[in-house]
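**Student:** Each chain is listed here by its residues.
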Amino acid sequence: MNTRSYWNPYLAGVLLGLALLAAFVVAGQGLGASAFPKRVIAGACDVFSPEWTAGSAAFGKYVGSGNPLANWLVVEVIGVLIGGFLGAVSAGRLKGEVVRSSNVTQGRRLFFALLGGVIMGFAASLGRGCTSGQALSGGASLAGGSWAFMMMVFAGGYAVAWFVRKQWI
Amino acid sequence: MDLTFPWLPRGFFGEQGGLLTALLIGAVFGFALERAGFGNGRKLAAQFYLYDMTVFKVMFTAIVTAMVGLYALSGVGLVQLDLVWINPTYLAPQLLGGFLLGVGFIVSGLCPGTAFVSLVSGKLDALVVLVGVFLGVLLFAFGLDGLPALEALYTSGSGEVLTLPGLLGISGSWLAAGVALMALGAFIGAEKVEERMAARLKKNGADLDGSRVTDSRGKYWAMGSLLALSLLAATAAPMLEQENPRQLVASGVRPLPLAERIIAHEPALRILDLREAGTDLRIPGLGKASPTSPPADLLPGQHVVLIAEGDLDAKDLAGWPQGPEYEVLEGGAQAWKEQVLTPLEAEVYNQEALDRAKVQNEICAWFNGTESKAVSAPPPPVIQPAVGSRKKPKGGC
Amino acid sequence: MEATSTRANPLVDPGLTIWNQDVAIYLFLGGIVAGVMILSGAMRLWYKQEEPSLALRLLPWGNLALISIGMFCLFLDLENRFNSWRFYLVFKAYSPMSWGAWVLLLVYPVSAHMAWAETPAHWRETVLRKVPLLRPWGEWSVRARRNFAALSIVSGSVLGIYTGILLGAMPSRPFWNSSLLGPLFLVSGVSTGAAFMLLFRLNQGERRFLGFLDFLLILAELGIIALWIIGMAAGGEASLQALKLIFGGPYTAAFWSLVIALGLVTPAIAEFIEYKHRAIPGRGAALLVLGGGFALRWIMVYAGQHSGWASEASAGLF
Amino acid sequence: MERREFLKIGGAGAAGSVLLGGLGTDWFGSYGDEIKDPGSDGEKIVPSFCELCFWKCGILAHVRNGRVTKITGNPKHPLSRGRLCPRGAGGTGLLYDPDRLQQPLVRVGKRGQQKFEAVSWDTALDEVAEGFEKIRRQHGPEHLALFYHGFGANWMKHLFKAYGSPNISAPSYAQCRGPRDVGFDLTFGSGVGSPENTDMANTRCLVLIGNHLGENMHNTQVQDFSEAIRNRADLIVVDPRFSVAASKARYWLPIRPGSDLALLLAWAHVLVHEGGYDRETVNQHGYGFDAFREHLKSHTPEWAYPRTGIKPAVIRETAALMAGAAPRAIVHPGRHVTWYGDDTQRSRMIALVNALLGSWGRRGGFLVPSQVELADYPMPEIRKNGLQPADRPAASQYPLADTVLAQGLCNATIPGYHDYDLKGWMVYGSNLPTTLPDPRKTYEAIRKLDFLVTIDVLPAEICGWSDVVLPECTYLERCDDLHNPYYKEPYVAVRQKVVEPLHQTKPGWWIARELADRLGLEQFFPWKDSEEYAMERAHGAGLDCETLRRDGVATGVSPPTCVEDGLRPEFWTDSGKIEFYSNRLQQAGFDPMPVYTDHGDPPAGYFRLLFGRTPTHTFGRTTNNRLLSETFKGNEVWLNAETARLRGLKHGEQVYLQNQDGVRSSFSAPLKVTERIRPDAVFLVHGYGRKARELRFAFGRGIDSAELVTQAKVDPIMGGTGMNVNFVAILRAEDVEEVA
Amino acid sequence: MLEQQFGMTVDTRTCVGCAACVIACKTENRLAEGYVRNWITTQTRGRFPELVMTIRSERCNHCRSAACVRACPTGASHYAAGGTVQVTGSKCTGCKACMAACPYDARYVDEQSGTVDKCTFCNHRTSRGMATTACQEVCPTRSIVFGDLNDPDSEISHLLAQRDWYTLKPDAGTRPSHYFLK
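Residue numbers (the numbering used here), protein chains in the order written: chain A, 1 to 169; chain B, 1 to 397; chain C, 1 to 318; chain D, 1 to 740; chain E, 1 to 182.
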């Protein structure tokens, strides 16, 4: 793997920060990622069962006014997909693989990926955002709750890290 | 053209154009994430084993950059901060959600945002993570409808926009500068920690291949720029900083001018009585509210006049929504009763004061609903009906 | 300010809609023809010994076809087509439309001569053998082909500028009313002309030249667009209102995505990379340039009619 | 400069422009200065007078190839002075309206199902006569009522008088101008008439209260109004809406709706207690002034301020302006004045302020008009049968109403209202559902009828509910009675047939006479036709019929109309004076001097519904006129910009209105977001939102204000129906249609 | 004696925007349904209750430096007698360049003939010696005055000398002969 093509973290951070700043000054809101799954699911549920969706406490607010997918954050994630793709292609990193330590089997890694994903989907709904929407955007706008959220992310990570170390190191 | 940021909430670009910006900014975001190495689960997970602090470094550099930029721009008046959406605070769900997200993060190796980036760089595990996220979202939606406890947890908290500058009582720019300086210190520490941890893990024979970044040539340069940025923010912005627009600004209004505005039927005027009891203000269309629970139907741009028993402190209204302009009745209900509902009896000496008093007393009578009685007049003499033809031109419409 | 008008004439209210896709197509094809005329003329003058590729030599015939389609579109746009012969009874120096009518009359013979003169000799010979009557003319025009090449450059330029002036000479439409529209349409026309030529089977040298030339033209075009926007931004209230059509108004997304991003910037980058890596320019960038050129004219025609002075208070009124 | 030199330069310039402008336009194929004559000038020009509204301006109708090409103003006619309002100019739009009623129709389905069969005139008239005869036989003639509007109704009124019914009524009284006539009559002993006797052209100060001259387009009045503006008269406009007149005014007082009386009282207070009223007039002609002065004492501008929202200083300034201009000052009596149910008192107060200004009988104030002496057509006298009209439940109600109340007749059709119930109606040129308040009630009454016949030009809503519909021809296709109004220049005008009636339509006089024949009343219709009738009357008055026909009008010599010309003012009140204190009102149990009552504010979320006119339309009568609709295609809901902004309502979006009784408009209209109206009111142009599908152009255009007027506050003095007491909420069309 | 230069003034102080001029023009010139040659413009500025409103009866401005005449490729749009701007229908191709050029949007395409048309200042009347246009004749507020600007004794010349006036869109450089009195 071509580790050299990773940017210097500080430079990458500055570019990321500038993208975030651009989002603030252009769109008046930060960046986010978990809005995408929420709105996609809301949209899908709206197709299958509009009544349930409209009455749902979690999704009702997305389907109330217009298409849940016609949203800045949703389009932004599509941009992320495009940008990420371009980044991977230009760095020669586009490669089908499962990232894992040599200490775990692929099946185990994927099981944990699913488990972690479910936990994060639940957590992002509960916390009204994920690392992008709460920690990064909220952190940059100095929102009190977001800083608490960010601290707890690190706390949660460090608390469990030891138990799943086989996956990674 | 007023080019003050943010643009989209001001209708600049229109809807289509706005979505186009989302695509562009998102692409830059995704590109930067990928190039920082966030498409690789192992590299992210390394943060939690302290041998590669890229996540910390990138994230805090980004936060500091955006934060310093945002507060500096708003400090010099280029950004209208009250149009920028800032995450409201729901402390309990945020604390728990954050913790769980951290758990999910280390279990899966990716967070939702980085999972998207990882996915498009071909990583199969990212696809599985995303499937999990979608399931998790659905699970939560079911849970929210089915479990009252979860709903109670989710909806607990005020949902107010509490910013650190507001909570700590210092200006945003200074805080940004402070955070930047702290981050700088933290980065230096992080460099040290990761070197030591990496060495230790290597010694223990851990498999770090493919995740460890060894190249850190630009770090001093980057730190230097951040320091410069933070200094800029700390010195320039506070000098130019205006009153923090996030603060709920309540100006005062005196009873008589308020009475005149009621008479003028000012369309944006909305008057709310914050007292628990009492219907003695005699203001037409007066609404009731409690200081802790603002009415749900307040409209942006409305002029909301709040009446308490006595003077009301603007600080008491911390939980009121942004959008309307708040005014508090100076002296509260007491002043209203004294100055508007009580006729003037004091002696007046000059013509001007006399004229004012006349108006004031009529306003008083009107609010009190005491119609000035017409003075009864002596009946005029009885008259004889006139003779002659009566001409009455008619017609038309 | 609130303004109301009781007028509701068709094509005029609430916004002018006199010109539609017919005119956009005509301007687009006119631009390509102008570009091909200029470039093929220039390349004929450029080539001394080495012969151009067959495709390049046959392109002037395509010119005739394109300009005919364009003229047909223009003809369709006329409300009173039976009077169209009236164009050729007068020449009105102030009227771009009149210039256009006459220039088209010039474009036809020049293109025809160019096409004939560039046609490979054995094909020409076949024709002349069958129609010996044409021989004197046929041979003369080949002899004079360098003169016709020069004439082709001149008439192509007039045609290219005219397509812009047709809109640019309208003081009534702030979105159009700029002296930069002539150069803009000329440059864009040559650029789309080059892109059009790139679609055919040219030789490598020609492709490289056209590819890089197109890159330079796109840069120039971007520059002119920037100046045009700055010019409008520096104008009065009406110009600012017109500018809003592409800044937040109905044409914002189309202009910035189709014209600027896809039609200019993307192909420019592609062409630059091709140039830098000494690759042979492909057809992808050329198609984008053509798409962008059409979008530019389409947006110009439609957005310009949206702009006006309607909301502006008359001087000294309030 | 020498002339020759000048020519040379001129020549050079011309040559230069030829060069620059290209080869000249006169080159081959040119036709030079082609001048196209549209050919609208008439081969024949017929003078007549207009019927697009009820002002009756003189017109010249141009006829070419048997078609009326255009209509221009008659320069000899005192009301038009050669000029016309848009409606008058657009009369051909009515004449050639493709939706006109073309032949008599007889109902075949159930009433209201709107199924009709075209029949011959004989069948239709027999049917009507039979219907009338049946009612006369079973119940008596008084059980038949006539509702009318328009000049042609004279024939029908005559028919009804001969038939023996006292129930003849025009909604233009109790739904429109009645209160001001009663109010002025109580004060000066005379109403203001139509045309109003105001001398606006010579005034120095004109006060308009809710009167939107310029949008309310009575030709002569607007001509005089523009003359006042041209003469720099001071204009004070009191209106919740920034009307066209308000835009011309020195003072616009955006008054709180319903509080006009408070403002008038305050003005009177200033004039009386702070000086400025005309002492001479008051001393010489006033009656009960001391009581009035006492009455005004408490009504200070400060008192009016919270009620009207108008600052005391402004009230004083405007009062001073009037006083400074007096007696050449007019507080205009208005025309449609049925607003809040205390309209007679408000009109009386307007009269009293004018009395204080001393403007009655003065130049630039109110003139005293006169009439040409005109003989009646010789015919047998109709004997009165002593039957009482059915419009009031008790004689004591509305004691000062001096005509039959239209809404009273409508009510009397619903059983149990009066001594007897009405069984049949004839409706002439008046679309009752959009005229009377609360159309729900009107339809209920119609359902109770035994027989309903309408005579109209267009298929209005009421036609759909009729048993027989008789198509009348338009004013351009018939001759009518002579017009002989009270006016400062007395005149007689003649309406002449311009073209033969189109389709199978017939003139009103013919219909009336044919019905009379069938009802055995032919003795009261002894004349040959309307032309003979009119000329006989003209001849009888010593007028030259030929001149009258040629000019369309004959003017008489006026006696003095104002004091300046030698008029000795007379007041035909009980006291023979200007009555500041009215004994008649006092004896009838009303306030002898106007007393202010508050009409409240709209509840939260509601707006006061105000309605009025647009210059191109006479309410619903002209909204199907395609020519007139060129400039005004449908009405809009006026809403204050700030209010709209707060509620997120956008200009141009379609909205429905729903009133306090839950009645929602049948159609939607675009919202007009404007600074030109107070935040607590919405404004609609009256006459839109037509529900008759046969009016193919007007159908469904805009919102009908009449259907939202389900409440009316009836004036206890004369029975006028105050209709500005309705409140409406604004509903987004998308929300409404989503639910539906 | 100079040639005639016809012009028109509309007194915005007295004009109430009743549109009688529009209807009279339509019947005088027998225009098809849906087309007008003159129209009413109202402009309101300010916030309630401090408002200013102007009402104008507008039509072709008969510019002395007419963009439409310059834009016309066939000479159909031309300066005619009395300094007016006229369209010769038989020369018009319907290319609509004049409509694009006119800052006042005063022209339209007549659907029957396919040619461009507009206000003629009633040249069929004035050429017969009539002194008024149809819109002027009907105007109940006498706001519209038509006449010869080069005749110092004409009513229009007096009005322009005595009153403040403006023309529409002067920045367009068209030098209209249609004036609006303040």
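Treat each hint with caution, since some may be false.
Stated by the list, open to error - If you only want the chain B side, here are some residues facing chain C, beta carbon under 8 Å, derived:
1) Gln16
2) Gly17
3) Leu20
Said to hold, decoys possible - Computed beta-carbon distance windows for the label pairs:
4) B:Lys288 with E:Val52: 35 to 45 Å
5) E:Ala81 with C:Leu76: 44 to 54 Å
6) B:Ala296 with D:Glu117: 55 to 65 Å
None of these hints come from the bench; they were simulated from the model.
Each residue gets a CB set at the ideal place from its N, CA and C atoms; glycine is no exception.
**Student:** Now tell me, hint by hint, if it's right for this structure.
**Tutor:** Hint by hint, here is what the structure shows:
no., hint, verdict
1, Gln16, "holds (4 Å)"
2, Gly17, "holds (4 Å)"
3, Leu20, "holds (6 Å)"
4, B:Lys288 with E:Val52: 35 to 45 Å, "holds (41 Å)"
5, E:Ala81 with C:Leu76: 44 to 54 Å, "violated (35 Å)"
6, B:Ala296 with D:Glu117: 55 to 65 Å, "holds (59 Å)"
Comparing the model with each earlier hint shows a violation of hint 5 alone; every other hint is respected.
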